[in-house]
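Asker: Protein chains in written order, with the working numbering: chain G, 178 to 422; chain C, -16 to 204; chain Y, 563 to 1208.
Every clue listed holds true.
Capping the alpha-carbon separation at 25 Å, the derived lysine-lysine pairs in DSS-like fashion look like this:
1) G:Lys181 to C:Lys76
2) Y:Lys1196 to Y:Lys578
3) C:Lys76 to G:Lys200
4) Y:Lys937 to Y:Lys953
Which residues of chain Y face chain G? A partial, calculated answer using Cβ under 7 Å:
5) Gln689
6) Gly694
7) Gly837
If we take Cβ atoms under 10 Å as the criterion, some of the chain G residues that face chain Y in the derived model are:
8) Val204
9) Gly238
10) Ile258
11) Phe297
12) Gln302
13) Glu303
14) Ser313
15) Cys336
Hints were generated in silico from the structure; no laboratory data involved. Ideal placement from N, C-alpha and C gives every residue a C-beta, glycine not left out.
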Amino acid sequence: MDLKLKIWRQKDSQSRGKFVNYKLNDVSPDSSFLEMLDVLNEELVERNEEPIVFDHDCREGICGACGMVINGRPHGPDSLITVCQLHMRKFKHGDTIVIEPWRARAFPLIKDLMVDRYAFDKLIQESGFVSVNTGSAPEANSIPVKKHYADLAMDAAACIGCGACVAACKNASAMLFVGAKVSHLTLLPQGKIEAKERVLQMVAKMDELGFGNCTNTGACEAECPKGITLTNIARLNREYYYAKV
Amino acid sequence: MSTIFTSSIGKKLMMSLAGFFLLAFLLVHLGINLLVIIYDDPMVYNKVAHFMGTNILVKIFEIVLMGGILLHIIYALILQIQNWIARPKRYSKANYSNTSFFSKFMIHTAIITLVFLAIHFADFYFKAKFGHTETLVVDGVLYHDLATEIVDKFKMLPFVVFYIAAFIFLGFHLVHGFQSAFKTYGLDNSRFTPVIQALAIVYSVVIVGGNTMIPLMIYFS
Amino acid sequence: MHRIHSNIPEGPLTEKWSSYKSNQNLVNPANKRKLDIIVVGTGLAGGAAAASLAEMGFKVKSFCYQDSPRRAHSIAAQGGINAAKNYQNDGDSIFRLFFDTVKGGDYRSREGNVYRLAEVSNQIIDQCVAQGVPFAREYGGTLDNRSFGGALVSRTFYARGQTGQQLLLGAYQSLSRQIKQGNVEMYPRMEMQNLVMVDGKARGIICRDVITGKLERFSAHAVVLATGGYGNVFFLSTMAMGANASAIWQCHKKGALFGNPCYVQIHPTCIPVHGEYQSKLTLMSESLRNDGRIWVPKNKEDAEKLQKGEISGSEIPEENRDYYLERRYPAFGNLVPRDVASRAAKERCDAGYGVNSTGLAVFLDFKDSIARLGKDVIEAKYGNLFQMYEKITDDNPYEMPMMIYPAIHYSMGGIWVDYELQTTVPGLFATGESNFSDHGANRLGASALMQGLADGYFVLPYTIQNYLAHEINTPRFPTDLKEFEQAESEVRKRLEDLMAVKGSQTVDTIHKRLGKIMWDYVGMARNKDGLELAIEEIQNLKEDFWNNLKIPGEMDDLNPELQKATRLADFLELGELMAMDAMHREESCGGHFREEFQTGEGEALRNDKDFAYVAAWEYKGEGKEPELHKEALKFENVELKQRNYK
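Required output: the full structure, derived from the provided sequences and hints.
Answerer: Written out as structure tokens, the structure reads:
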């Protein structure tokens, strides 16, 4: 199929960016979205133009590196999927596809579709962990964990840190990301010990990093490739109040 | 405790507490207003309005209410400005998938409601307060004849249309606000939330329905 | 010439590691603060090592080419992690895990290393649980296990189909904690380009900042490689797009021997190749083989119809299906080790029984399991994998049999290390997939995570001290020494050379050609003629690369094409060494299958008399033949047998 692509190009963080139009013919509906961009990039290189820069790595939907806003939706027009797993059969011959980078103050643009998501790492560094040194762990089965909580923790821990929640949120809020990590660790007895400090520090850091505020819109939940739910935000709120009182 | 007023979650909490307080007020307000159409005798309404305007507890409550509105607005402004700053460069193609549709337009419905509120205050509240209404003396007590004022106003078609439109937008605001408040309080799970969402719709329909019924019934009576 | 010595401690197998730990040199806390360690890579091995070393008090500098340490490709491992906990009371033990790993590796790994791996496996589970890794649990609250990859015991711990992700996040979170505490300096988007040696010891690295393109120098008292495997030499593999061999290859060129480069693992359950534009292959967990049955049509006519798309797999009646694994290996059936399952699929497809348009796919069918257990049970077990399959192929595996084909997945070979994980360059260590050590010629399922974390948490943090104990008098040193200057200018020259070619071929077109050579001749089945041809073709391709390469953009800028080109330059050299190693090893073992050496029934035929050794290759310079060193493998606790899965 033939496509028209309207892609955000920006030389570096300082430059002014703009949309550039490209035509791409004979795209296989079985190729992935990133493979489609690979083909376009090969054409650009052949023409001695600079290829479009975007983050990507595992291409199986788990590393969280890829991400772009496609026709207004982070990771494109399919649910529970990252852009590397989005396939071109979701588009039609003759479609115009608008591709933009994640846009948020906390995720400054680096080049073209590549943004800097180190703010997420800073959030985890702040206290998204259990303070346990190597070697000091007790026998694994010495603390039983209710299966229900282990499963809920796993649901939350499935977050891949791609940033689609921030990109989708009209306020560029990181509440789903922080909510998922707080939930994951707080639901487990191992993480409960530091629950109060963790939630207070992570929320303070989140505010400091320039993310917006949550308005329970649910755009994050709708676009999360791993199906992380808003209940994690509610749990974050609960944990926060609990830590405050 | 300090950051409870300044952290993002703290601000949301204040915002939603104030909002929820306003939700409760709206019900009371509707209840009283319905008296205009329930009773043919305008004095029933006028007496209640008189009580509301003179009772010391109600007067204290009135200040609290104003505070609530102000708090809701101030926090909304702060949050909204921060939210705009959080995304300096907007998408050229807007996002359209949300799990709560009305949440996208909270600021817009809020501004419409604020404009409505200003007009509403000018029409009724200040008149009642500062006495530019017809007065009646019953049993030696001076009453503002607000009931007649309302009936007079709602005989004018543009006024009726404006009121109804404003309430519909307020309804949109309430549908999201009602259920969002619960999430902000940390109350959200797969069993509880659908009930809240249903309640939010019921509540909003009652508020919008009740408040549009008044002008409609008066206009067509 | 190097004298290579494995440094395996003397004494009985079961006491080697404890006696090593009792006798090794340690560094006291005050001195740890004065010692810097560079760790390259932030996957399970690198992330765990950096965190553990920092917790101990060393000053760590951690590097990754991705935008965040959390993106390392360990994250993609699905199935699980083995440990000898014996929670299921099914007779598992450290010895049995050790034995299975040595046998699974086709008797080409070191007994001492593998036993240590099995020993520390239990500590890994304890450590991960304490970090908050949400492993699957029983209703009683204890940890759940499953059987995996043909093991006779249930020793695999798992977190849905995302075990690698959860373990990596555990290590990443520990690493993050150390970053906050200031014990680790984190350098994301930094790609190692060269090793710096001072007085014969590894003393630093040269990196290219991926964003600015600038070269930067970093010094340390020791350098740890944790850069993963080199499967991308095949272009198409299940590796991440950025996974590369440049760090280990540059170290190899600086004197680190390369062990068993020809041992690569082909994973049997990947989604088949579907077109020219394809960028990578997607793996589906081997656990699918627990309930899926693998088959091709019995009749060639049916296969041809399938290839033309005239019929679909579900239309072929039961009696016309050939469940070839069950037929050939009645005892293990669909659960034979990866190398055996992969070769069997290739054998059927080469014989003309492949089932998709390219003829390079076999069916993996859940019809019987769904009938037996119900769709709900299958969905609970494999729902996410089925969903992924459907997203990629647009076929519903609940109704149509899945199509699978083997793909390059893991490299058992890597930088040669001794028992202490030290390479032949003093002060340079290699961990996880980047070293060659524990899997022999074939890796068992759920063992990669175990090895990465064993190296990172429990082995390297001990053994590196034995080296660093002698370095306590070496002060921190600046990066303006002439050795740093020299190493940086080597890199700069190489980058300038690449930019100067200004030819007509893109990096990917050349990489695809390399991949095809590697897959055709150095892939699942190899023979002497093919390998000779491969070496010749790779040399020609290398010529072509250095004469016809085209890279747009600038050197001192974010330049993904240049980044890929530096990696490909190294893959071209590594590919040649892999072919040479495969040619010299005149036997079949594990992932290395030489067509000339097979039993009458087409099974791998080892030659323990002549080849029970580790092939460690020494780089001798541009255009010169590498030199082979042999480390004899001694088996004192395991009897060498033909692997038999019948």
